[in-house]
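Position chains Y, E and F relative to chain P; hints supplied.
In case you want the letters, here they are:
There are 4 protein chains.
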Amino acid sequence: MSNITGNRIKLGIFGQSHSRAIGFTLEGLPAGIRIDMERLKAFMQRRAPGNSPLATQRKEADEPEFIAGLADGLTCGAPLTALIWNKDAHSKDYSNIKDMPRPGHADYTASVKYGGYNDIAGGGQFSGRLTAPLCAAGAIALQLLEERGIRVFSHIYSIADVKDTPYPLTGPFEDVSGKELPVIDNDVMNKMQERILKAKEELDSVGGIVECAVTGVGAGLGDPMFDGIENTIARMVFGVPAVKGLEFGRGFEAASLRGSENNDEFCIEEGVIKTRTNNHGGILGGITSGMPIVFRTAFKPTSSIARPQKSVSLSKMEEGVLEIKGRHDPCIVIRAVPCVEAAAALSILDYVL
Amino acid sequence: MSNITGNRIKLGIFGQSHSRAIGFTLEGLPAGIRIDMERLKAFMQRRAPGNSPLATQRKEADEPEFIAGLADGLTCGAPLTALIWNKDAHSKDYSNIKDMPRPGHADYTASVKYGGYNDIAGGGQFSGRLTAPLCAAGAIALQLLEERGIRVFSHIYSIADVKDTPYPLTGPFEDVSGKELPVIDNDVMNKMQERILKAKEELDSVGGIVECAVTGVGAGLGDPMFDGIENTIARMVFGVPAVKGLEFGRGFEAASLRGSENNDEFCIEEGVIKTRTNNHGGILGGITSGMPIVFRTAFKPTSSIARPQKSVSLSKMEEGVLEIKGRHDPCIVIRAVPCVEAAAALSILDYVL
Amino acid sequence: MSNITGNRIKLGIFGQSHSRAIGFTLEGLPAGIRIDMERLKAFMQRRAPGNSPLATQRKEADEPEFIAGLADGLTCGAPLTALIWNKDAHSKDYSNIKDMPRPGHADYTASVKYGGYNDIAGGGQFSGRLTAPLCAAGAIALQLLEERGIRVFSHIYSIADVKDTPYPLTGPFEDVSGKELPVIDNDVMNKMQERILKAKEELDSVGGIVECAVTGVGAGLGDPMFDGIENTIARMVFGVPAVKGLEFGRGFEAASLRGSENNDEFCIEEGVIKTRTNNHGGILGGITSGMPIVFRTAFKPTSSIARPQKSVSLSKMEEGVLEIKGRHDPCIVIRAVPCVEAAAALSILDYVL
Amino acid sequence: MSNITGNRIKLGIFGQSHSRAIGFTLEGLPAGIRIDMERLKAFMQRRAPGNSPLATQRKEADEPEFIAGLADGLTCGAPLTALIWNKDAHSKDYSNIKDMPRPGHADYTASVKYGGYNDIAGGGQFSGRLTAPLCAAGAIALQLLEERGIRVFSHIYSIADVKDTPYPLTGPFEDVSGKELPVIDNDVMNKMQERILKAKEELDSVGGIVECAVTGVGAGLGDPMFDGIENTIARMVFGVPAVKGLEFGRGFEAASLRGSENNDEFCIEEGVIKTRTNNHGGILGGITSGMPIVFRTAFKPTSSIARPQKSVSLSKMEEGVLEIKGRHDPCIVIRAVPCVEAAAALSILDYVL
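Chains as they are written, first to last, in this note's numbering: chain P, 9 to 361; chain Y, 9 to 361; chain E, 9 to 361; chain F, 9 to 361.
Accuracy of the hints is not assured; some may be wrong.
No copy labels: a pair is met if it fits in one copy or bridges any two.
As the list claims (entries may be wrong) - Restricting the straight-line Cα-Cα distance to at most 25 Å, the calculated cross-link-like pairs of lysine-lysine (PhoX-like) are:
{"hint": "1", "residue 1": "282", "residue 2": "318"}
{"hint": "2", "residue 1": "324", "residue 2": "282"}
{"hint": "3", "residue 1": "333", "residue 2": "95"}
{"hint": "4", "residue 1": "106", "residue 2": "282"}
{"hint": "5", "residue 1": "206", "residue 2": "318"}
{"hint": "6", "residue 1": "282", "residue 2": "171"}
{"hint": "7", "residue 1": "171", "residue 2": "206"}
{"hint": "8", "residue 1": "318", "residue 2": "106"}
If you are wondering where the hints come from, they were derived from the structure by calculation, not from laboratory data.
Please read these numbers as outputs of a predicted model, since none were measured by experiment.
If we strip away everything but chain P, and leave its shape as in the complex, we get:
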């Protein structure tokens, strides 16, 4: 079913942009775990830059309230459920969007699927807001992974036409999560900010690519065919709004290589079997090789822009022009970084437990 994923652990996400609350239920966690709330909040903070001029100004406290699954502050084996209350939901009028769907958004497809009963306010269940519970669950997964020596890194690989230094596929992977723009090369930061602010000024938006690496995963994890690590990450990553592409290791580039170039030779380093290069991105046949898992996720530019756009009136069945008032997010890529990490962490955890 659509909002539930995972085999050993099950993640269910619920809520709409303007429902009373959004949240998640996570089943299958070990009992006896203390969730580090400070780190959870710090992680979620990366998703909600708050005052940054680079992102939407909706202020979301985003402090999950755990209502079930804990006893004496520790996981108790019962499903873990947490809520994030939607305090900052504007009760503005969405009837224009209800009748005239935003280009690039799910307004139209949701309207057809749900016979017009879809929640249009703020994008309903298709809102990027739903990545808040994803990140909250992901923060927990990250904590459990870290206790097992597994770490997840990511950076903005590109925004618009500006590219950061890519991760070396074999690592090491710099932790840039503390930066305002999580990039490796500080020199590109200004350019990226400039692209975002220019787009914002022009009532437009920009897209980008997030690169993610997972280290410390031993060899032999993953199931063949439809439940490999790649399939699982893919299923979850495409659940993050605006994702339109995904590639592992050398990815699309591998399609232009020779086998002799792309194959990663095995070698032994300090008694451990490794590969000298990591074009395979840590996964062969759906199963981990022990090398870092590396993948890139492409995000389209935010569809909800303030520029007038051509659309159609569903009630009149005639073409028209839609103008959206109010704040909009010129670049979701910054907020997308922790979402990708969360998706990676939750996917991997399913195999690690």
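The following block gives chains Y, E and F in isolation, referenced to the frame of chain P:
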């Protein structure tokens, strides 16, 4: 579980490259369907070029034997199970690969996962051979889709550095399935063949990209979040060996666009709501828009090449050189085309039924 | 995963007896449904008799707060999530039970499974309290079924040694839900009450059997083998605490019959195919026949009784005597009636949608 | 989906009574297991008494042919698929049953569900024949359990009105699998045989109850709510044709007991926590207590009897009389014994692995 996928219809695939048989079980098909065996065979023929010098020379009759699920030649509601016998399985010695895994292949990761008990012969369950039952099941899905006005097209988008003309995202989509090399631009055919034969001559291989389009799918199909059309296609496509990347519509390119460029304006054509462009590849919020579903899948070059490659001996834990004797497939991309169509068809059928 | 069930609709239940809240998430409901909150509350009232001396005196308002899945008061296609706050959770000391498990309860098995981290307060996730969200979800299912002409009836078939008149298997089924004790034969009511009060007085408890009937289900629903109607009801009914037996139609009695006695002859009534008798309880081969679905569920007596009982100290690994103070429920069977209806309704709805 | 069950291991069953073959696919078994084929055949022999006058005379070799999942005779991690060819399928005319459904059988319900396209021959997918692959898979599960110290016992608890000595709930459990009629009390054997032969002579059939016990399962297995051990066994057992009731431990009888009678006191025996009695049948809150798991399954009498029975003509929509020629099975209970063991073993294995 790894080899089973789907919600409304369930596909289970079984077998190894050299097991007695490979096959599939498909649950959830409507009763009363007559499977067009001639078309099924024709479809599977595209996967097994047989005598083509461009592909492996393993000759596989690949005629599925239906052993359950039919009554009087029609589907009867019971799970449909078909076998493809492995007649041409060479009983050659695989002990060298068992000890010295092929770079780029799942030999090593499978060996770790299964404690050395993995079936090494011909790649075992990780062999491209397993795409034969996938294609057989896909041929049935294609038939059911066609009866509902849904068609699946695909072509080789690129092989090595040679690119075919891309599909126009809004269509029309040329049916090139009858060509020896399924490309739109006949002029690139020779170049692609040349790349393949050159690689073969040099005991090497080349990769490529397959582009696929699905037309006739109405608006409103797909579930939000983790069970959208993109998630489902992704989960299945990454089950095809050698896939390392996937993108929908403008895909990775969308990451460098402005929202105003990437958003597809809604319009009305002959009383039907459409979008003027199709950068979204027919899917918004995981749900179909009624526009063609378009996606591209990147295949790495065949990992199993005849060149000597550096690897390690698992028993001696020392580095060495592996040389694989016998035939090898210099380019799996041609065979991959029907596999991608099958994955698309099976994914879509799950929502259509 | 343990707390999620269903194919087309998915029900997830979360919470513990004394967690901040308990609740449910229901996915797959049609969009555009208005939930009748008055009827929902009325249904839940049957589960929480409140002031009745026949049941526990814990007062639970049990008014579910819908926090997601609605827009303008109608289902919107997003998962429906509702909470019931645990206001009446006593903060009494459960350390005695933590160390000395209650006989017949899940204290011990949960302690082993969760390494002692299980939530012991009020029975944690194993508490009958968790049937409140089940009933809330069931009330919605009942409403949707009723709109499709499907009704669910039930009565107390027996309490201790006192038996009500059984339902005639072919119907009609009297609606006794309004009675304080939902029985058909008013004469047994006093006897049952007397058994309950006697047990209560003696710090003991009694069990009973609930009989349930579903009418208006057309023929042809259900999937063969492991997903038949019986399998689905069974999986859900055994999720209700204290259930130890389940039988359909003639059930265990059928085992002592001849085929010629047990087989239900087909006949035609007013142009509709029926069976003259209904020993099969409305299900043949896992699929509905169009006859009423009839089943009985056996509930063991409440395990949590006030009498001193022999148990063991887990910390000292020595035998001892456990005495539980405070209120206890002498007979859960009255409260179990709507739970069984909810389980039946949710099971059937999965096939009807 | 209907024919697939299990969480950690997945069992898929396919085939119809008269399809080319029937079989199963089992995913998730450990790699490196050698299946003891002699014991597997011996187990299956109990299901197919062959020459016994007490059962059907269809002679089925029932030797599963393993076509996938093995390498060098050991499980290799790939799905294990085995076939049983349907050699003895009579090509007799089933058109009478197709038009006039057998009372008590799934002919009618399947016809409605599948729009008349259901396979009627021999009962199609609803045939007891499908328990052959269930038993084959179960035999493997039993072997794996035995290697872990877990054993499954069962006996005929009753046939018609004749009752065997019940198992003592705390054990020990006599292994009576070698007897022609697997009963504990040899004195009831003649009576049971007499009941069966009498029914056969009168072209009729009898039902019965199978009691099953599983020993050696440690405490703490099972998931709460919908995936407890009881739920899982229930879902699988109700997949065996003709099952109409299921109870654990004291089962229905517990409904008439006091809590003080039914609760099983904890005690310590040789340093291990046990319960003095086992009314709970080894399961509390869905989780194993370490005591033997004991349950009883009620089988209705074979519906397919040779006596003339009233039914309706589906084509003419008029009542009539059906007479079935040829062999029929006067008592499926003997064959049902290994089926119940198989269902128990497969259910438990899902938690043990």
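So, going through the hints one by one against the coordinates:
no. : hint       : result
1   : 282 to 318 : between (54 Å within a copy, 12 Å between copies)
2   : 324 to 282 : between (63 Å within a copy, 15 Å between copies)
3   : 333 to 95  : within (20 Å within a copy, 42 Å between copies)
4   : 106 to 282 : between (54 Å within a copy, 17 Å between copies)
5   : 206 to 318 : within (22 Å within a copy, 50 Å between copies)
6   : 282 to 171 : neither (29 Å within a copy, 34 Å between copies)
7   : 171 to 206 : within (17 Å within a copy, 34 Å between copies)
8   : 318 to 106 : within (15 Å within a copy, 59 Å between copies)
Of the numbered hints stated above, the single one contradicted by the structure is hint 6.
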